[in-house]
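K.L.:
Sequence:
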Amino acid sequence: MNLKIDNNDNLIWHLHNTAHLHRQELSTEFILFENKGNTIKNFQNIFPQFVSDIKKGIEHYLETWISIAHQ
Numbered sequence: 001m002n003l004k005i006d007n008n009d010n011l012i013w014h015l016h017n018t019a020h021l022h023r024q025e026l027s028t029e030f031i032l033f034e035n036k037g038n039t040i041k042n043f044q045n046i047f048p049q050f051v052s053d054i055k056k057g058i059e060h061y062l063e064t065w066i067s068i069a070h071q
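Residue numbers for the sequence shown follow my numbering, beginning at 1 and rising by one.
Treat the hints as calculated values from the structure; they're not laboratory data.
Only true hints are included.
DEER-style ranges, computed between Cβ atoms:
{"no.": "1", "residue 1": "Pro48", "residue 2": "Lys4", "range": "17 to 25 Å"}
{"no.": "2", "residue 1": "Lys4", "residue 2": "Gln71", "range": "32 to 40 Å"}
{"no.": "3", "residue 1": "Asn10", "residue 2": "Gln71", "range": "25 to 33 Å"}
{"no.": "4", "residue 1": "Ala69", "residue 2": "Trp13", "range": "14 to 22 Å"}
{"no.": "5", "residue 1": "Gln71", "residue 2": "Asp6", "range": "35 to 43 Å"}
{"no.": "6", "residue 1": "His16", "residue 2": "His70", "range": "13 to 21 Å"}
{"no.": "7", "residue 1": "Lys4", "residue 2": "Asn42", "range": "16 to 24 Å"}
{"no.": "8", "residue 1": "Phe47", "residue 2": "His70", "range": "29 to 37 Å"}
{"no.": "9", "residue 1": "Ile46", "residue 2": "Gln71", "range": "37 to 45 Å"}
{"no.": "10", "residue 1": "Asp9", "residue 2": "Glu59", "range": "15 to 23 Å"}
{"no.": "11", "residue 1": "Ser67", "residue 2": "Lys41", "range": "26 to 34 Å"}
{"no.": "12", "residue 1": "Asn10", "residue 2": "Glu59", "range": "18 to 26 Å"}
With a Cα cut of at most 30 Å, we get these calculated DSSO-like pairs of lysine-lysine:
{"no.": "13", "residue 1": "Lys55", "residue 2": "Lys41"}
{"no.": "14", "residue 1": "Lys4", "residue 2": "Lys56"}
{"no.": "15", "residue 1": "Lys4", "residue 2": "Lys41"}
{"no.": "16", "residue 1": "Lys56", "residue 2": "Lys41"}
{"no.": "17", "residue 1": "Lys4", "residue 2": "Lys55"}
Here a beta-carbon is modelled for each residue, glycine too, at the ideal position from N, C-alpha and C.
Just need the whole structure built from these sequences, with the hints factored in.
P.N.:
What follows is the structure, encoded as structure tokens:
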């Protein structure tokens, strides 16, 4: 998938807050916290691979962060 993202820094910041601080953003929270299901389910239907990749990336980020934090 070739998806253009205008503000990578903002996206990374929001994904970090969602993963690390459990901050709930409309654009990211369903991936980890099923609160705004309809909006993100529609997004998943349109971009299933993107949502899957983001979820895997967040899970990997958390695993890496936890392993580094416990060293």
